[in-house]
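Q: Sequence:
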Amino acid sequence: MKKDKEPKPKSANPVEAGVAKPSPERSAFVQAQHQRLLELQDHLLDAMAGVAQDNLRSRAEGSEASAFGMHQADAGSDAYDRDFALNLLSQEQDALYEIQEALKRVEDGTYGVCEMSGQPIPEARLEAIPFARLTVECQEKLEQQNGYGSRGYGRPTRSLFGLMDGNEEGEAVDND
Numbered sequence: 002m003k004k005d006k007e008p009k010p011k012s013a014n015p016v017e018a019g020v021a022k023p024s025p026e027r028s029a030f031v032q033a034q035h036q037r038l039l040e041l042q043d044h045l046l047d048a049m050a051g052v053a054q055d056n057l058r059s060r061a062e063g064s065e066a067s068a069f070g071m072h073q074a075d076a077g078s079d080a081y082d083r084d085f086a087l088n089l090l091s092q093e094q095d096a097l098y099e100i101q102e103a104l105k106r107v108e109d110g111t112y113g114v115c116e117m118s119g120q121p122i123p124e125a126r127l128e129a130i131p132f133a134r135l136t137v138e139c140q141e142k143l144e145q146q147n148g149y150g151s152r153g154y155g156r157p158t159r160s161l162f163g164l165m166d167g168n169e170e171g172e173a174v175d176n177d
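The sequence shown: position 40 = 41 (my numbering), numbered continuously.
Note that these hints are calculated values from the structure, not bench results. Just so it is clear, the structure is predicted and the values come from calculations on it, not from any experiment. We treat Cβ as the ideally placed atom computed from N, Cα and C, and that holds for glycine. Where hints are given, some of them may not hold.
Restraint-style ranges between C-beta atoms, simulated for each label pair [to be verified]:
{"no.": "1", "residue 1": "G119", "residue 2": "E26", "range": "14 to 24 Å"}
{"no.": "2", "residue 1": "A33", "residue 2": "G77", "range": "39 to 49 Å"}
{"no.": "3", "residue 1": "G77", "residue 2": "R27", "range": "48 to 58 Å"}
{"no.": "4", "residue 1": "Q54", "residue 2": "E26", "range": "41 to 51 Å"}
{"no.": "5", "residue 1": "D109", "residue 2": "H44", "range": "15 to 25 Å"}
{"no.": "6", "residue 1": "M49", "residue 2": "G119", "range": "25 to 35 Å"}
{"no.": "7", "residue 1": "V52", "residue 2": "M117", "range": "29 to 39 Å"}
{"no.": "8", "residue 1": "G119", "residue 2": "R37", "range": "22 to 32 Å"}
{"no.": "9", "residue 1": "L46", "residue 2": "R83", "range": "19 to 29 Å"}
{"no.": "10", "residue 1": "Q36", "residue 2": "G77", "range": "42 to 52 Å"}
{"no.": "11", "residue 1": "G77", "residue 2": "Q32", "range": "43 to 53 Å"}
Kindly generate the complete structure, drawing on both the sequences and the hints.
A: Okay, structure coming up:
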């Protein structure tokens with residue numbers, strides 16, 4: 002006797018493994034968030050292109066001016082502006098990465114599922130931080146264990162229009 006189907010191995014995907022099965026309402030929410038993530042991605046790409054274009058334009062103008070003896074203060078201001086633009090681009094690149102990872106989770110069916118606990122991330126948190134990977138509890142636990150400097154889960158995104166702000170000691174404060 003032949004088997005028509007072999008039993009499937011249990012998936013590592015929390016949704017497929019039955020840890021968190023999205024309801025139809027949750028699916029509608031995820032689709033709305035998918036659209037929001039796409040809009041954020043487009044906005045961020047446009048902003049990054051604008052910063053890069055402005056930086057290239059000012060650099061070209063600056064190189065012409067330096068040929069005629071740019072004043073030291075002007076050269077310092079230009080260098081500061083370039084450094085600021087490069088730092089901004091770096092932060093925006095981090096935010097873009099998080100958005101793209103969230104879009105992958107939407108396609109994989111794991112969007113809105115905590116990567117540590119497998120529990121659903123509350124919709125209010127996803128509304129505030131659409132690319133959130135963890136529940137607040139797991140995020141706090143991770144931050145206590147690892148701090149903000151680690152790659153991966155603990156990396157704060159200080160961009161996206163004030164979603165994360167720094168305090169005086171250099172730590173990020175979540176505005177949830």
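Q: Using the Cβ atoms, figure out if G77 sits within 48 to 58 Å of R27.
A: Holds, since G77 and R27 (Cβ atoms, about 53 Å apart) stay within the stated range.
Q: Is it true that A33 and G77 lie within 39 to 49 Å of each other by Cβ?
A: holds (47 Å)
Q: Within 25 to 35 Å or not, the Cβ separation of M49 and G119?
A: holds (34 Å)
Q: Determine whether the Cβ-Cβ distance between Q36 and G77 falls within the hinted range of 42 to 52 Å.
A: holds (44 Å)
Q: Taking the beta carbons of D109 and H44, is their distance inside 15 to 25 Å?
A: holds (24 Å)
Q: Does the beta carbon distance between G77 and Q32 stay inside 43 to 53 Å, or does it fall outside?
A: holds (50 Å)
Q: I want to verify a distance hint. Is the separation of the beta carbons of Q54 and E26 within 41 to 51 Å?
A: The hinted range 41 to 51 Å holds for Q54 and E26, with Cβ atoms some 42 Å apart.
Q: Honestly, do G119 and E26 meet the 14 to 24 Å range at C-beta?
A: holds (20 Å)
Q: Taking 29 to 39 Å as the stated bounds, is the beta-carbon spacing between V52 and M117 within them?
A: holds (34 Å)
Q: Okay, G119 versus R37 on CB: inside 22 to 32 Å?
A: Once the Cβ atoms are compared, 24 Å apart, the range 22 to 32 Å for R37 and G119 holds.
Q: Can you tell me whether the CB distance of L46 to R83 sits inside 19 to 29 Å?
A: Holds: the Cβ-Cβ distance is about 21 Å, inside 19 to 29 Å.
The structure is consistent with each of the numbered hints, conforming to all of them.
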